[in-house]
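Make the full structure from the sequences, and use the hints.
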Amino acid sequence: MKHPQQGFRATCLLSLITSLQVRSSYAIPLAIERAVEPRSLSDVDSETRAPIASQPTSANAVIQIADGQVQNPVKGRSVAVETLATVVTEQVRWAPTNKPAWPHPRVDHRWPRPASIPSWSGHHSSHDHQATSVDVGSETQPLTDTATTVFTTVTSGIESFTSSASIEESLASPSASSPGGFETQPLSDTTTTLFTTITPSAIDVTSIVSVEASSDTTTTLTTYTTITPGFTSGATVETSFASPSASSLGGPGTQLSTDTTSTSDPATPGFTSSESVETSFASSSASSLGEPQTQTSTDTTSTIISDLPGSTSSSSVETSSTSSSSSSSSPETTQSVDSSETSGPTGGPEISSLTTTSVSDTTYSSASASSPAAVASQTVTSTQTLSSTTEVIVSTTVTSIPLTSLTISEVQSASSPVSADTSGSINTALNTTGHTNSAPFPTSVASASGTLTLISSESLSSAGPTATSSVTTLQATDIFVPIATGAPPANINRRDDGIIDGVGIRPLGDLSATGPLQTNKFYAGFFLGTQTTPTFTHPYSISWPRGEQPNGQSYPLWGLAISHVEVSQRVFGARNPSKDAGDSSYFANPLGIRSLMLSALELNGGAALTTDSQTQFSVNVNLGPAETPDDPLVTCPILQGMGFLTCTYNSATPILQSDLGFTDVTYNGSVIADRTTYSYILDMGDNTVWMLYVTTQTETYSAASFTLANGTVVGPQDFQGYIQVAKLPSDNPDARAVYSRSAGAYATSARISGSVQGTSGSYTLEWQKQGDQNKPLLMFGLPHHLETLVSGERTDVVLATTTKGYATGILADSWTLTESELAVDIGFAPWRPNGDSGTGESVTSLSSTTQSMLREIAMSELSQNFSEQANQGSLYFDGKALAKFATICYAANDLADDMALSQSGLVKLKEFFALHVDNQMEWPLVYDEVWGGVVSSQAYSTGDANADFGNAIYNDHHFHFGYFVYTAAVIAYLDPEWKNDQQNVDWVNMLVRDYANSIPDDPYFPMQRNFDWYHGHSWAHGLTQVDDGKDQESSSEDTMASYAIKMWGQAIGDENMEARGNLMLAVQRRSLNDYYLYADDNSVQPARYTGNRAAGILFENKVDHTTYFGALPEYIQGIHMLPLLPHTPYIRQQTFVQQEWDDYFGDSGLKPATSISGGWRGIVEGNRATIDPVFAYDFFSNASGDFRAEYLDGGASQT
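Numbering (mature numbering (1 follows the signal peptide of the UniProt record, and there is no 0)), first residue to last: -27 to -1, 1 to 1172.
Since the hints were derived computationally from the structure, they do not count as laboratory data.
Think of the CB as a built atom: it goes at the ideal place given N, C-alpha and C, for glycine as much as any other residue.
Among these hints, one or two may not hold up.
Said to hold, decoys possible - Listed below are the simulated SDA-like cross-link pairs for lysine to any residue, each with C-alpha atoms no more than 20 Å apart in a straight line:
hint, residue 1, residue 2
1, K881, N844
2, K748, R709
3, K881, S429
4, K748, Q670
5, K883, T426
6, K881, S836
7, K742, P973
8, K748, S764
9, K883, L425
10, K742, R724
11, K881, D954
12, K742, Q693
13, K881, S840
14, K952, P455
15, K952, D891
16, K952, L433
17, K881, N953
18, K883, Q956
19, K748, T721
20, K883, I1025
21, K883, A436
22, K881, D891
23, K883, S429
24, K742, T608
25, K748, D769
26, K883, M872
27, K742, T721
28, K748, R767
29, K881, I428
Said to hold, decoys possible - Just the calculated beta-carbon pair ranges, DEER-fashion:
hint, residue 1, residue 2, range
30, G579, E794, 52 to 58 Å
31, S586, G808, 44 to 50 Å
32, D1054, S703, 26 to 32 Å
33, P523, L759, 35 to 41 Å
Right, dumping it as structure tokens:
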């Protein structure tokens, strides 16, 4: 997020002198890895590989279920019918609405289509060619439901048996909207499911055919076939639709058809059984009166043919529905097909033939007429209730034996209609939504614009500091105690109309119910805009497809999607030699590859996403029907580092979908003794493997309740429990044992605690756990966690993250992490580090010559026009100017030893700080009651949400307010009486509570709005929706905000705040040198990128070596330097600064410092003081004759 450079405040010639340790330059020893540059997504690995672990061995007898059909039956194994048979139905409705519905106005997809039946594009996808709506008049449409179930039993005592079933359904509705108008012909839908059970001997099964009709048009054919061992079973399913129609009298016809054949032919010797099901639909219609009637018919034949002589059994069921209307002059006709076939060789024991035949005819009729309106389509505006008829035919029974449930390693395999899509998309352009795209430099104020009236020395007897600005030790047992809990000051007006509206927050605008809302956290995409941008939990990302239906998917995608991308899928941008010292200009991870999606069938008619229980580490995401969003069917707690995506189901039917496609589903056994958590292995179309864990207390749960059909894994109806998914690392298939140790337990939220003892500090992340309390949680740690982790069990489960290296699974319900080099002694004075360590010393003693020079500079700069700089109508620029003057006042007092000069400048500084405390600046602060925060009123008045760098939408609050907090700390140090005015303290504490609150239950501000204790740094991005997640541009202003907290706590005697600021700086020092600042030994970020030395803009999904305001090297590197403060060398270590200087700003660097003009020259040269303080002193004192006033921007001082 940027606000560049204004922030250079070199703490003087004097402060530069303090580091008089001159290092000789040296060459970079580590060569940068070079590789071919992928230039497009075609370079991303999208190869579809062979399925994993889909071949059972003969040693382990298994039954493979392919789209509901048994493959490779093995003698001696038995599987219960109730275990394998999952009811799979498609409901087809013609709803009374004038609004288009997905994917057709009369189709409500609530049940899965079996894999043997394709998605019928002739009926669903091409509805634009059919008349589907009417604006005037109404018509009643008859509907038909047909449910047919055929049970056929073949026993070892019958040598020859042939069974065939013929089912015909027809639905006809001739109608016309007006003479010469148009007509729409609805078609019935048929779904067919085949289940085959293999048993070691004869069982007791009854063959039943039943037909039922109701007001919905649903046709279901379910065939259960039980075959004894030694049979070979083959099944073929063919489905076709034909709908010739004309849109006007004599117009052209439209033909829609789909033909699919699925065959399974196991190779077991012995009895041969083949099963064939054919379903066809034909519909012709004409739009004008007197044209031929519409005829719809369905023929279904199921045949089992033995190789033994003679028994034949056939059953035929015919169902038809006819409707005549005023548009037709001839009656509707229906046709049926009845087939019976016997084949096979002769021989064997003589058994008399057995033939049973039954036919059931059911006919419904309804007459209707539409109003005389000449429109090109038809809408049903009333429904027709139909009677129901059920007929049952019972045939043979034989002795039964018990069947076993699905056992470990049994596999369901399928040729998925979803082709593995691993390409995704990359955002190569910089999304500037919510950002300014110009450098925010204020008006030049390099020279004095007036005079400074000095305070007489007689009045200074009681003025000045009463304590040192540096401490040597610190004790704080609980650093997360309240700063304050009262309401914002009374002069801060309130607004109940936030600039950005949240979506699906329950209940939005009621802070008493929700508490203050998190605006800058990782999950904001769930409540902003379309709610579809990814949430990055690391190593996974979670997103909501919001009803998309890509090619091949049986249902629209309404569930939560979990994604994981490998390092090999990253895309690197080509190097720009004018700005990139590294081998690439950015690296990014593909978006939109939804590895798995957890949803519910009941959501397929439309869903709504809501969120609740926001914390700094977690949020609950709820999915419910669109019409009842407050009654969710699925709830998923989303946490950073979560080991599983866990979703709880409330009496819903789980379904799992994937952009990659499933190849196998393998039951992997129960993972706990009481058999309440069951595991499955999911082999995906991209050759990756995921684990599925199902936990339920339902006593009737069967391990085979999850069935792979038509590219979708479907679970049991009315499921109560929770489902967890996680990816197996490609190089560690044994990771499933680690997952199983934690499966059944899941985290819902987290708490943080911390303490500081001397120069050591620690913090503990403790997760609240649900599920099995006896199992440890599995959470993923980032590289900087592993460097300081002192508790928890590290595992060998390692997955790549998008921008934070590799994440490692840790088994523990809490982590404790310790930082041993807290720089508690850093104060306001310049600080000199001991090499690259976190230790050093402050420098406060200067020569008289240097002091004299400082007084001269301070006198000139304090004579500048404060009003022009500290009341610019921008919180960002006002804060930077006030911070600059505060630094000068401190330098005059403690370094130049001139209290009169310091106190004289302090009078003006306090005057303009009071302008803000009194809320009298051009754009006063207001308290936002919608989100819970203080923001600039500029956006409310101008309508520009991006005003002042997007302050009103919570961009950069730690940058903006951090400068004020630092200024207040200096004022309180130089004038201890100032902090006795509670109004001053309350106002500053309000700012701290806004961007770095210490408690989760403050009624006015969220906890840690900006700083992220999981990532170890802040996020600057507020309430705007961006596909690549949250981002931050200036890592150095991030640390400034923490340094300000440390010094304000010290100034007001709040040791807990001071300790918290110290610990935050230590954590930032570690995380920034892993993720933002790249020395040669950085092994976290890609070697092709680390040569750039600084991140540029770090997003959650990509890192882009640029800024929001330009792409010059001094901008990109310099934004991670400013403002230069005493803590700067603690963060930016000497080795790194030297390597960056050599690559960019040295004489042979990409952009030598001597070629840089304007304020960026001062920033770069001030940064040089860390490695070459002598040169820096000579430069800023103008001893070398190179210094120009123009090298200081409005936020920088020469002191």
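For this session: Check each numbered hint against the structure and report the violated ones by number, ascending.
Result: none
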